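Line order of the protein sequences matches chains A and B.
When the letters of the first sequence are read in order and numbered with the numbering used here, they come out as residues 1 to 227.
When the letters of the second sequence are read in order and numbered with the numbering used here, they come out as residues 10001 to 11063.
Simulated from the structure, these hints should not be mistaken for laboratory data.
Quick caveat, the model's predicted, so the values are computed rather than measured.
Just so you know, even glycine gets a beta-carbon here, dropped at the ideal spot from N, CA and C.
Any given hint could be a false lead.
Here are the simulated lysine-lysine pairs, DSSO-like style, with alpha carbons at most 30 angstroms apart [what the hints assert, rightly or not]:
#1 Lys10469/B / Lys84/A
#2 Lys84/A / Lys10537/B
#3 Lys10298/B / Lys153/A
#4 Lys76/A / Lys10332/B
#5 Lys10318/B / Lys153/A
#6 Lys10537/B / Lys153/A
#7 Lys10724/B / Lys10933/B
#8 Lys76/A / Lys10441/B
#9 Lys84/A / Lys10504/B
#10 Lys10922/B / Lys10537/B
#11 Lys153/A / Lys10332/B
#12 Lys10504/B / Lys10441/B
#13 Lys10504/B / Lys101/A
#14 Lys10537/B / Lys135/A
Where chain B lies over chain A, by a calculated footprint (3+ residues, C-beta under 8 angstroms) [what the hints assert, rightly or not]:
#15 11-23
#16 106-119
#17 125-135
#18 146-154
Just a sample of chain A residues kept apart from chain B, beta carbon distances all over 10 angstroms, derived [what the hints assert, rightly or not]:
#19 Leu26
#20 Glu70
#21 Cys175
Below, each chain spelled out in residue letters.
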Amino acid sequence: MITLKINDLEVQVEQGTTLLEAARSLGFPIPTLCHMEGLSPYGACRLCVVEISRENTGSRLVTSCTYPVENDLIVKTASERVLKARRIIIELLLASSPQSKIIQDIAAEHGVRQQRFRQEYEDCILCGLCVRMCKEQMVAEAIGFQGRGDNRKIGTPFDTPADECRLCGGCMYVCPACQLRCTYTQPEKAICGGCANLQPPCVDKEKFDDMMCYMEPCVACEIIKEK
Amino acid sequence: MRRITSIEEFRQFRQIVMEEETGDLSIVVCAGTGGQASGANDIIRIIKKHILNKKLQDKISLKITGCQGFCEMDPFVIIEPGSHLYPKLKMEDIPKIIDSAVNGDLVEELLYKESKKTCFESKADIPFFQKQTRTILGRNERIDPIRIFNYIKEKGYSSLEKVLSDFDPEWIIEEIKKSGLRGRGGAGFLAGKKWELARATKSLINNGQKYLICNADEGDPGAYMDRSLLEGNPHSIIEGMIIAGLAIGATKGIIYVRSEYPLAIKHTLIALRMARDLGVLGENILGTGQDFDIQIVKGAGAFVCGEETALIKSIEGKIGEPRQRPPYPTDKGIYNCPTCINNVETLANVPIIISIGADEFAKVGVSGNTGTKIFSLVGKIKNTGLVEVPMGTTIKEIIYDIGGGAIDGGTIKAVQTGGPSGGCIPASMFDLPIDYDSLAKAGSIMGSGGLIVMDQDTCMVDIAKYYMKFFMEESCGKCYTCRKGTQRMYEILEEISEGRGTMKQLDLLEELAYVVRDTTMCGLGHSAPNPVLSTLKYFKEEYIEHIKYKKCRAGVCKDLVGAPCQDACPVGTEVWKYVAHLQRGEFEEAYMAIREPNPLPSICARVCNHPCEDRCRLGKSGADPVAIRSLKRFITDRVDPSIYKQDAVPLNGKKPAKVAIVGAGPSGISAAYYLSLNGFKVTVFDSNPEPGGMLITGIPTYRLPREIISKEIASLENENLEIKCSTVLGKDITIDQLFKDGFDSVYLALGSHKSRKLGLEKEDIEGVYPSLHFLREFNINNTNLAKGKVGILGGGNSAVDSARVALRQYDVDSVTLLYRRTDQEMPAFQEEIQAAIDEGVSIRTLVTPIEILAHDGRLAGLKCLENKLGEVDSSGRRRPVPIDGSEFDVELDTLIVAIGEQPEQEATVPYEIDVDRQFRVKVDPETLKTNRKGVFAGGDLVTGPSTVIDAIATGKKAAKLISNYLAGKPLEIPAVTKIPEEHIDSNLDNIEKYSRENRAEQPHIDIAERRSSFTEVEKCFAMEDALGEAGRCLRCDLEFTATEDGESEKKDALAKEVQNDNS
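Kindly generate the complete structure, drawing on both the sequences and the hints.
This is how it looks when you write it as structure tokens:
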């Protein structure tokens, strides 16, 4: 067993566990996009960063989904440094893929209300869930990464239809960017239009007197207030 | 080759190789990749041909080596013995060198020289080599890389022999640990410790298989030391790898080398084969039962594959993508086997440590950073090449002592260490010792050892942008923050460099950079923001200039600069435009372009310091710049100024606001002129009997005839403008009185009219004059103060002017200029210095005056010390240091002191105007406001002695600001970029007719006439010279105007086609 401290709680976990699993088992929320149980950890989206240090050493940020637990590690899942980094990552995500409901929801949870970069409308954040799904669960390896840097993309070998593909749809099922589209008309202007997509949408809240809203703050409500 | 099967046999074999006779005389050619690119292959061909033709085979031998490091001098050869280095050879030089070498002679004119004077006979005396410690690189010079015997003769494989004869891996690791050798790849992890970890890990796969990798994936732009080692001495790497492999218990070694290094691969392949044939590599090495073999894996050129985990993936045939560490490669590397990865240079050090012993090795360098390090010194530096110095050497020593400092005329402003992942270190921090820890503290890294030198023509925003583009393309793309973060940083930098940036974006850039550094997985991502962060830390003012003032001081960012000549001009003259009009023979249009931004064009045509020529792209590309000032002179001499008419704003019956301007120099006159055009009533006061300020009192008439000044100023007069001469501030008028007299605002432009004092005793005796007093007495009162032997102290324009004026006075026998630095560093304009020398002024440099000698209360001479050049100071120039005991006397009848000027304190101090210690008026640089309400100041009064064109520029600025002030508008001038707009075609007939290759020289009057008269020295260009010179212009403006034109032509053509189709 490995003993370490997570947010000042001393815990014992089995060797080989990741920091993410350990923290979540204690109930500490850590947002993730590229992590999925059943698929190997990858560490692409960097949302799950946590701050680690040891007695008498400087701290650094690592992705909790890939970092194995180690003895005497001191882990902070929501320190100032972590939250600052996460917010910038969310801004970067929103700037590229404003229409992903999952990203919009994470933004809302973290109080990110605007992004300051040039707006793009990309669909893919290259988290690699689909690639791992295809390889590890579907055992097909029909898709993979191509190129590097800003030319990196996901595709089939030589961009021709892959014989291995069984059109199972697993890749689309796991996608955080395109599986659930935010249908609010101008998602980049009202970050987290997520609530507007709820059924029944909470913009009709007046009709449902005792409806509880878990989103704080809720953009849809803000929009109504502004009107 | 017979395979050697025992250590004893190898010893005997070495003995035979060592005793083998080689001819005494040899010619050594440096033929690394750099040498070959400069033509070393041709040189080798000619050497062979000449030796064979003349049948000299028995007398001289040829040795072809890898890179020796002095790449600036490629292609070069060295004649041994004697180490005579012949640099930058042409093919026709070769026979001469070989013939004289055979006869035991030197070819003096081809030997290496510095500053065209000192000639170096032996390579060892050349500063570039002398100040290095070439433990590793030095062997390159003696070894033909494709001949294993050469290496063995240089004690090669003796370390392996030593290790094998009493095989103890623990001892090897202990020795390496004791040496303190740190990884030369950049991170600086202790090599011995890494080996220990790798040795300790038990491998459970393939019978305990372990790997040793030599990382030769050297991807940094501008770094090539690993390549040179593999090319020049591959056996030393192989030996190092065998020792490392045996120490950690690996039997397989891999050299991971970029396929962009074909010569390195070729030499390494040959070396591997020879080593195997000889029995030092492969199974059962030298019959000792130890196995170790090496294979080469060629990388496809991804920068990220230099990262160890990505490199392992690449060797395994997967996408080169780093993974999370731990587990470290020493635990799980290639195919999950323990793997030790070392850099080329680290491994090259291993045989040396084993051979000389760890203690001896650790004596070099500083504690914690032992041994030597090779740097590739590139960029804006005189001696480009590879240098090897002990760790802890300061940047200054490398750049100035070894590298020779800036390329002529430049000032080094920063150095980038560690390639793209490193940071830029400013010149002010060049005392920093180069070791892993100091560099990290300064915000940079050691990296693999690239040193990219930057001078004033390098834009730091552009540098950051360049590296961000590099990372954007070279990031593997796995981590979102690295891939997208570098893209976004590039995007922001692009906007800033195009003038669309905001201060908010600058904050965002910094915020993002820290997050990218924090949240990425591998070393590439961690260090990717370094170029941005370090330039933001040390050169933030350049970013702010780009954003706020839309100005790129280095003249690099195209969208802000436009045509460099126009950008360089303080008043923004469209130089390209008048040069283009001139080339077409349209003189009046050219005059309009000159006159539009500049009210004093004829004056500038004679005395401007022409920053436009300094930035001319033709000048930057190797040729001489276009003679822009002379062309301006040609136009202004030829065109009647009255064709340019600018009407003043009518006063509309209102009572106009009144402005008083004190000082009728270029700044005051320009401010007055533009204010009067704006409809203000302007009065200019001046203490001299004529307007002109320093133009009259300071500049001699042989440079600027008086009638030119008076004519030009007269042409500016209008009903709103009044000039009152012989009116002295403090005597005839006061600032308080001016306000009482109804002036609404005052602009102070009194200039700097006081010469600084030497601070020696007897400075006030007869015969010693401050330069401005001397010039003024002559220019205004026509008094000749100089006589007999005249000495001038100083090296600025005022000194040179005084020298040339003194030379023209009746009783003068000789004129000597005494300057404390060398002639290279004199701040006066080069053409003025040359003219003074031509006229007979002698210049004595490296002199410090220490005592004024007097006789009968009159000057008799000057006691001086000789100086030598010492340390480089913050201005990048070597500081003059007096030599003790070098006193000498100069006999003098007149001494003119010209060591600098400052404003007169009487001018402003009584009026409660804030001044600094040199009595320069303090103003807010953006609004020119002084501490008194309504009082503005500009020109030399604020800046100290500066140029005419700068004074005009501030005058114009003051006019705008005072207009705003009087109209109650905010005191700000919006920044505008001056991009060429009008398209002007060249006159092709004229280009053909008057074409010329070299810069046209400004014609001068006869030297004899110059010495005895004050007639204007410079003459105007002849027509064909002017048209030819204008034709040399590269027309940088067309880049901005031609495309649009082309497009509109295309559109026209398209429209026509459509019309035709319709009809």
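Hint check results:
| no. | hint | result |
| --- | --- | --- |
| 1 | Lys10469/B / Lys84/A | holds (25 angstroms) |
| 2 | Lys84/A / Lys10537/B | holds (21 angstroms) |
| 3 | Lys10298/B / Lys153/A | holds (24 angstroms) |
| 4 | Lys76/A / Lys10332/B | holds (28 angstroms) |
| 5 | Lys10318/B / Lys153/A | holds (16 angstroms) |
| 6 | Lys10537/B / Lys153/A | violated (35 angstroms) |
| 7 | Lys10724/B / Lys10933/B | holds (24 angstroms) |
| 8 | Lys76/A / Lys10441/B | holds (26 angstroms) |
| 9 | Lys84/A / Lys10504/B | holds (17 angstroms) |
| 10 | Lys10922/B / Lys10537/B | holds (27 angstroms) |
| 11 | Lys153/A / Lys10332/B | holds (28 angstroms) |
| 12 | Lys10504/B / Lys10441/B | holds (28 angstroms) |
| 13 | Lys10504/B / Lys101/A | holds (28 angstroms) |
| 14 | Lys10537/B / Lys135/A | violated (45 angstroms) |
| 15 | 11-23 | violated (count 0) |
| 16 | 106-119 | holds (count 3) |
| 17 | 125-135 | holds (count 4) |
| 18 | 146-154 | holds (count 6) |
| 19 | Leu26 | holds (22 angstroms) |
| 20 | Glu70 | violated (8 angstroms) |
| 21 | Cys175 | holds (15 angstroms) |
In this structure, the hints that do not hold are numbers 6, 14, 15, 20, in rising order.
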